[in-house]
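> Sequence:
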Amino acid sequence: MNLRERWNLHVARAMEQDRLVALHRTRRRRRLLVVAGAASVLLLWADAAVSWAIAPSDTAVRVNLVLLVVMLAIYIPVVTALNSATRGLASLPESHLDERQVTERLRAHTYANSVMRLILAGLAVFVVVATWSEGEESHIPAAAVFLGVFALWWTHFLLPLLVAGWRLPDPPPDDDRDDDRDDEQDDDQSDDQAGVA
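Just so we're aligned: the sequence shown equals residues 429 to 625 in my numbering.
Keep in mind that the hints were calculated from the coordinates and are not lab data.
Keep in mind it's a predicted model, so treat the numbers as computed, not measured.
Glycine residues also receive a C-beta, built at the ideal position from the N, C-alpha and C atoms.
Mixed in with the good hints there might be a few duds.
Stated by the list, open to error - Here are the in silico distance ranges between beta carbons for each label pair:
1. Trp581 to Thr538: 18 to 24 Å
2. Ala549 to Val489: 16 to 22 Å
3. Thr487 to Leu534: 41 to 47 Å
4. Val530 to Val489: 29 to 35 Å
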């Protein structure tokens, strides 16, 4: 077993454990997690915009670091909870998923791809409009380009998980209560039959 297979097996086992269940128990809570995840991505885009506006400067560096720390503080628990809720739908290889999960993963990737195309088109329009008036004299700081590409990559990476978390239905209600009621009724019926005999 090579390193990649061991890692995938470790991740698959970790996804079987219920973590942060209180955060993703209901569909409403999962959707709040998705909104928080989208906010963390928007912080990266804001970071690129700040770099475009005020870089190069010490203020830009400080603002960039603060935004990155806040983004990570939001991102880590959100992604952990969404991965737990989706049972690794977006992060595990296909060989570790069942047919339903593979189908849902394909739907999430398809929808995320459509959204990503809209983001790319919007970004292209924004860059053209923002640099149009300056023509050949336009200048975009290297930090803004780097952070913009990083935000684009991060969006592409996280979007399928956000889509899967948004689409995930509530699990069916536990049948434990129904089983307990059935057992009590069976006991009552057997007591009645024993009393008759």
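> Hint by hint, say whether it matches the structure.
Results for each hint:
no.: 1; hint: Trp581 to Thr538: 18 to 24 Å; in the structure: holds (19 Å)
no.: 2; hint: Ala549 to Val489: 16 to 22 Å; in the structure: violated (31 Å)
no.: 3; hint: Thr487 to Leu534: 41 to 47 Å; in the structure: holds (45 Å)
no.: 4; hint: Val530 to Val489: 29 to 35 Å; in the structure: violated (44 Å)
In summary, the numbered hints that this structure violates are 2, 4.
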